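Asker: The lines below spell out each chain.
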Amino acid sequence: MRSNRLGWLLLSPSLIVLFIVGFLPFLYVIWVGFHDWNIFAATRGMTWAGANNYRRLVFDQDFLAALWRTLVFTFTVVTSELVLGFVLAQTLTRQFPGRAFFRTIYVLPLVVAPIAVGATWRLMVIPGFGPIPYFLERWFGIQYRIGTYAEHAWATAVLMDIWHWTPFVTLTLLAGLSAIPREPLEQAMVDGANRWQVFRYITIPMMMPVILTVVFIRIMDALRVVDEVYMLTNGGPGTATTLIGLHIFRVVFPKTDYGYGSAMSLLVLYVTIVMCWLLFVALANVGKQKA
Amino acid sequence: MTETKPIQAPVEHKGRRGFLPIETNTFDRVFISVVIWIGASLLWMRFIEPLGLSVWICTILCIILGVWIVKKG
Chain F
3 MRSNRLGWLL LSPSLIVLFI VGFLPFLYVI WVGFHDWNIF AATRGMTWAG
53 ANNYRRLVFD QDFLAALWRT LVFTFTVVTS ELVLGFVLAQ TLTRQFPGRA
103 FFRTIYVLPL VVAPIAVGAT WRLMVIPGFG PIPYFLERWF GIQYRIGTYA
153 EHAWATAVLM DIWHWTPFVT LTLLAGLSAI PREPLEQAMV DGANRWQVFR
203 YITIPMMMPV ILTVVFIRIM DALRVVDEVY MLTNGGPGTA TTLIGLHIFR
253 VVFPKTDYGY GSAMSLLVLY VTIVMCWLLF VALANVGKQK A
Chain R
422 MTETKPIQAP VEHKGRRGFL PIETNTFDRV FISVVIWIGA SLLWMRFIEP
472 LGLSVWICTI LCIILGVWIV KKG
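Protein chains in written order, with our numbering: chain F, 3 to 293; chain R, 422 to 494.
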């Protein structure tokens with residue numbers, strides 16, 4: 003009983019801060035989501051709208067298209083980053099010349115602000131100025147135009163995100179790999195398991211908590227990408243790279259439709275929570291069945 | 422010598438197995454009910470409400486389902 007009271011006492015400062023900066027704004031967004039609130043509207047202030055914002059949302063083709071685009075983007079980047087990150091983390095556990103140097107320069111994208119990442123990539127892919135379209139055209143005859151072709155803009159946005167966030171995945175997985183005890187791996191080798199079997203039946207299950215954490219963090223991040231894509235393509239050409247974060251930004255800030263923007267944000271939060279929870283349950287169940 | 426006890430988490434999670442395919446505690450079951458309620462309401466507004474059935478019917482059904490999940494899930 004004493005330890006419980008002490009536990010709550012020690013937790014209380016963090017809980018109070020979290021309540022003020024995390025939970026109260028969340029409740030406020032829920033409250034705003036049930037109102038019409040546009041500062042340039044004829045009626046100033048908030049007016050109760052009930053579930054009308056959500057009713058409007060489920061019929062909004064632009065919103066639903068942006069949401070679907072974001073889900074595809076998230077799946078593509080998270081899967082690619084996980085595979086690449088795992089391969090690189092495995093590579094970095096071995097000794098090779100220049101390993102420390104590679105590790106250092108490899109994590110540099112992580113310290114760059116997303117808006118600067120978007121600006122840098124934009125400079126690299128602007129036709130007539132950037133080196134990427136120049137060399138692609140000169141060497142392979144490919145007309146690389148992110149302002150004209152939707153697939154070029156999409157591929158650039160995906161590559162940019164992978165370039166920016168794979169180091170984070172690698173570092174986290176590398177920490178996980180370093181913490182795995184050597185004994186089970188050596189025992190398996192002694193018992194005649196090959197490299198693939200050791201990786202599949204020992205390394206992956208032991209890494210599952212780390213993999214889950216990384217996947218959750220990356221899913222949450224990828225679902226709310228705004229600044230990188232805003233800087234790179236501004237959502238274009240057309241709406242080819244208008245991800246949900248950018249769509250919400252345009253509704254909330256230029257159009258100042260706060261009520262509808264809040265409703266959209268809450269739906270994205272709902273999708274994020276459901277996706278992470280389903281993934282957690284599925285992977286936890288797979289782990290239990292194997293145990 | 423004072424006896425030292427290991428510090429425990431202030432909240433105790435007691436899971437149980439009901440008709441849901443996973444082990445859940447009360448919070449999990451309330452969470453699942455709310456998730457189903459929100460999803461069902463959105464789908465209802467999109468597909469059923471245009472046919473003339475109010476979303477309140479969905480809310481009542483979801484409350485009944487939620488109580489069932491919390492008690493038996």
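Calculated directly from the structure, the hints in this document are not laboratory data.
Treat the hints with care, since some could be wrong.
[Claimed, not checked] Only part of the chain R face toward chain F is listed, based on derived beta-carbon distances under 8 Å:
1) I443
2) L474
3) V476
4) I478
Treat the numbers as computed from the prediction; the structure is a model and nothing was measured.
We put the beta carbon where it would ideally sit given N, CA and C, even for glycine.
Asker: Hint by hint, note whether the structure agrees.
Answerer: Here is what the structure says about each hint:
1. Evaluation of the I443/R hint against chain F yields a held restraint, the C-beta minimum of about 6 Å falling below 8 Å.
2. Because the closest C-beta pair between L474/R and chain F is about 14 Å apart, greater than 8 Å, the hint is violated.
3. For the restraint placing V476/R at the interface with chain F, the shortest Cβ-Cβ distance is roughly 7 Å, inside the 8 Å limit, so the hint holds.
4. This hint is violated: I478/R has a C-beta 14 Å from the nearest C-beta of chain F, more than the 8 Å allowed.
When the structure is compared with the earlier hints, violations turn up for hints 2 and 4 and for no others.
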